[in-house]
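So the sequences go chain by chain: A and B.
Positions 42 to 527 (the numbering used here) are the ones given, in order, by the first sequence.
Positions 42 to 527 (the numbering used here) are the ones given, in order, by the second sequence.
In short, the hints are calculated from the structure, not lab data.
Heads up, some of the hints might be wrong.
Treat identical chains as interchangeable: a pair holds within one or across any two.
Subject to a maximum C-alpha distance of 35 Å in a straight line, what follows is the list of computed DSBU-like cross-link-like pairs (lysine-lysine) [to be verified]: (1) K294 with K230; (2) K450 with K230; (3) K294 with K145; (4) K307 with K450; (5) K307 with K176; (6) K450 with K266; (7) K145 with K450; (8) K266 with K176; (9) K208 with K294; (10) K450 with K176; (11) K230 with K176.
2 protein chains.
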Amino acid sequence: MSTASEPTTTGSGIALVDRLRAELGHSAVITDTDVTDSYSRDMMPLAPYGTPLAVVMPTDTEGVQATVRACAAAGVPIVPRGAGSGLTGAANAIDGCVVLVLTKMNEIVEIDAANRLAVVQPGVVNLDFRDAVAKNGLFYPPDPSSYDWCTIGGNLATNAGGLCCVKYGVTTDAVLGLKVVLADGSLLKTGRRTVKGVAGYDLTKLFIGSEGTLGVITEATVSLKPLPQAPGTLVAAFNDTAAAGDAVARVVKEGLVPSLMEIMDKASIDAAETYLKTDIGAGSGCEALLLCQSDSGGEVARRELTAIEQICTDAGADMTYVTDDLAEGNMLLQARRVVLTALETYGTWLTDDVSVPRTRIAELISGCARIADEVGLRIAVVGHAGDGNMHPTIVYDPSSVDESERAHKAFDDILDVGLSLGGTITGEHGVGKIKQEWLAREIGPVGMRVHRSIKQALDPENLFNPESMFSMFPTPASQLERSAGS
Amino acid sequence: MSTASEPTTTGSGIALVDRLRAELGHSAVITDTDVTDSYSRDMMPLAPYGTPLAVVMPTDTEGVQATVRACAAAGVPIVPRGAGSGLTGAANAIDGCVVLVLTKMNEIVEIDAANRLAVVQPGVVNLDFRDAVAKNGLFYPPDPSSYDWCTIGGNLATNAGGLCCVKYGVTTDAVLGLKVVLADGSLLKTGRRTVKGVAGYDLTKLFIGSEGTLGVITEATVSLKPLPQAPGTLVAAFNDTAAAGDAVARVVKEGLVPSLMEIMDKASIDAAETYLKTDIGAGSGCEALLLCQSDSGGEVARRELTAIEQICTDAGADMTYVTDDLAEGNMLLQARRVVLTALETYGTWLTDDVSVPRTRIAELISGCARIADEVGLRIAVVGHAGDGNMHPTIVYDPSSVDESERAHKAFDDILDVGLSLGGTITGEHGVGKIKQEWLAREIGPVGMRVHRSIKQALDPENLFNPESMFSMFPTPASQLERSAGS
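If we strip away everything but chain A, and leave its shape as in the complex, we get (with noise of 0.2 Å):
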């Protein structure tokens, strides 16, 4: 791990920033390191960062494809990015690397109400492209818990989730096709404007997820759902996990879909209650939280809400609260969205990610509280229960080198819990330079091959994001044949 310092510009580094302010313009091309440092990495703070050559912020594809080919010709590698709100270090800038800010390509290009589609270049903030859709009646449904900052590119690398995911899917459902700017700086363009199509390989959903590994995406045309009712909530306490985790499988199993379907444990709840100063309604003995909605609307909605109620209270809820009233319901929510800020009282937070299937979820819970008291940190998880995937959150003090040693433990252990469930290593935040070794504890050696091979094929020099997601040279042995013959 390195930290921000003032960059050794080469020769040929120099002449790679005059290349690229001679295309670009000079303003899209930053190499102050007061500004270039606020581009060097991302949420994640166990991710290791490096100090970028420069900043390059293209205003259009062109400008991206002027980049890349400046940069292949002058080896240099890309990090791309957007907002910066990924918490794996996916964008965290590595030594000498030029750091592709995609911000300024932040226009909605078309959106086409008749045919329920839009085309959104990646620099649009999450929310301002829902607004904009809302505004035509129609709806987007990935929602990262950060949908007021990231933006869409970052959606897109990650294959980002959120709250909504229960009842409509992640960012690649909703993705009809992207171009995408290529390690030889050649534009492709995948899939179509229709809602089905089968030409070729699935080409957009092997760019969307890939981490900027493969590719710079410059534009992407999704398609859009009719905008939901206004939901209904329902809040129910437990005083076992067990039966919070209950009552989870047995609306799965009930085959009900509510649109959001959340879980706080004990750590969470108390944080928020000490950061909102109200008592939310859990009572003392509650040991897990569960908040639902269902945006079908009116008379169905109800139905729905009432269906798990009935189930919270058989699996042995102590309360059970079920309004239609929108402010109500966000009120409600407000305690599952400030946990991560609740839990800045006690220190940094470092947030994990794992999926678990949905039957185990009460398990994963009673993990993370034995890990907690193992490593003796706060450890506080929150989660979309209705698809199983669960951030569990560990509370630390970083500038203690040994509470930070105990916090990547916990990060770790709640990982081998996780695929010990029959999870995976990452629900949505992805791998990024924080879950590489874990990425290839779970998909294995031949795994791993095909990922390679992919890369070789799409990017040979490795100019994007090379210490990403994974190593091209998998060995320590051939990393030190590679230091030396370089």
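Given the coordinates of chain A, work out where chain B should sit on it, guided by the hints.
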């Protein structure tokens, strides 16, 4: 184009057959041409097909791995196939190949109702799988028209759609993970059992729809939906195709999502009425029929269908009829389901597959009527109106060279119209051996280059289905070089 004939088995071919028999057992390897002929082609009359060296029918993943290793060692290409219901020749044999038939791998390995997922082998018939999960109150949506005999493996290879896609998506939307035998015989596991997961590239969706060119799928883990309610049905007759197209566009724009929305043009209605020896109530001036279902249940379904009925009336429908009686609904749908069979009364059918934006359906239908006039052949258009996926079906006499040529011209002209309307050359059937030049036209040289680089990365010896979807040797000149060199 070649036709079936006695194979000229070389010494190395005999050695391969001997090795396969030694490894898989004598009965798993068939060389009797009376039998192998029946595995040499699918349902697309235009596609070329050759004479296989042998048909191999493994019963497990290890058998597939042994077959792939033996063929790779012998340099003999493999054409994987299921039931042979395909409509592009993708499963057609090439001379001297091994046809790898997956129909004996037909076990439903697991149904996990609590997590709404199942694990299934490729040889399971779609309908058998649907029935099995339905017994657990669950629903596997993809329902290609051949669902009573096509297999899950073929559905995966082609990313098959069907009638339910308008509400439930296509095959790729239902798959969580795969087991795939790669070109070196190793076994790749993609994806996971959780609803969400972003660990690494989305290899699952790369293999789905790759038409057997990248590997052999030997198992799939699929997500299941709650079993929907028995559907209500609406039929609406229009004396103007444009009005029917307008009704479809308005349904989309209003945000209504029926569980089925099919369109039939006049030629289809006539064929169905003649075949069924009944007036299906469309009336004499009827130019287009819309058939819709809603499976949302009870009052909600009634409300949805009433809203669609109102839209149809506003758009100019001459007749509308709604029923919530399942048997009556099935009877009404019968007209749609018998069209291909009904067309056989007039000759051999050749069904095309083009997907257009949902606002352009009427233009596609009128384009097909114009083409029918130009080539002097009957073209009946049926299609999945709700997602713009149309199947113009040309009727001709294959024993007439002239009619065959005109049919082929019509087939191409329809694709041309589809592309000019912003559509794609295949909505759900695939490229196979009949739309290769059209694929190149739709995705362009950069797209083709990416396809070839991925194929090269995963199948460097061009072992899997080498003459389907695209050629690794793009120009005739290099093809000649290849022949000369081999």
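- Status of K176 relative to K266 across identical chains (alpha carbons, at most 35 Å): both (13 Å within a copy, 31 Å between copies)
- Item | Identical-chain pair category, K230 with K176, by Cα at 35 Å | Within one copy, since 28 Å is at most 35 Å while 43 Å is not.
- Task: With 35 Å as the alpha-carbon cut-off, assign the pair K145 and K450 to within, between, both or neither.
- Result: Classified as neither: same-chain Cα gap 38 Å, cross-chain 47 Å, threshold 35 Å.
- Could you figure out if K208 and K294 sit no more than 35 Å apart (CA to CA) within one copy, between two copies, both or neither? Cα proximity of K208 and K294: in one copy and across copies (15 Å, 21 Å).
- Task: With 35 Å as the alpha-carbon cut-off, assign the pair K450 and K176 to within, between, both or neither.
- Result: Neither, since 46 Å and 45 Å both go past 35 Å.
- From the Cα coordinates, with 35 Å as the cut-off, is the pair K307 and K450 best called within, between, both, or neither? Only inside one copy: K307 and K450 sit 22 Å apart there, 69 Å across copies, limit 35 Å.
- Query: Using 35 Å as the alpha-carbon threshold, which applies to K294 and K230: within, between, both, or neither?
  - Reply: Between copies only: 27 Å across, 40 Å inside.
- Message: Please sort K450 with K230 into within, between, both or neither, judging by C-alpha distance up to 35 Å.
- Response: Answer is between: at 28 Å across copies they meet the 35 Å cutoff, but 43 Å inside does not.
- Query: How would you label the pair K294, K145 (within, between, both, or neither) given a Cα cut-off of 35 Å?
  - Reply: For K294 and K145, the Cα distance is within 35 Å only across copies (31 Å; inside one copy 45 Å).
- Message: Please sort K450 with K266 into within, between, both or neither, judging by C-alpha distance up to 35 Å.
- Response: neither (42 Å within a copy, 38 Å between copies)
- Query: For the identical chains here, do K307 and K176 meet the 35 Å Cα criterion within one copy, between copies, both, or neither?
  - Reply: Cα proximity of K307 and K176: none, with 39 Å in one copy and 39 Å across.
Violation of the numbered hints given earlier is confined to hints 5, 6, 7 and 10; the remaining hints are satisfied by the structure.
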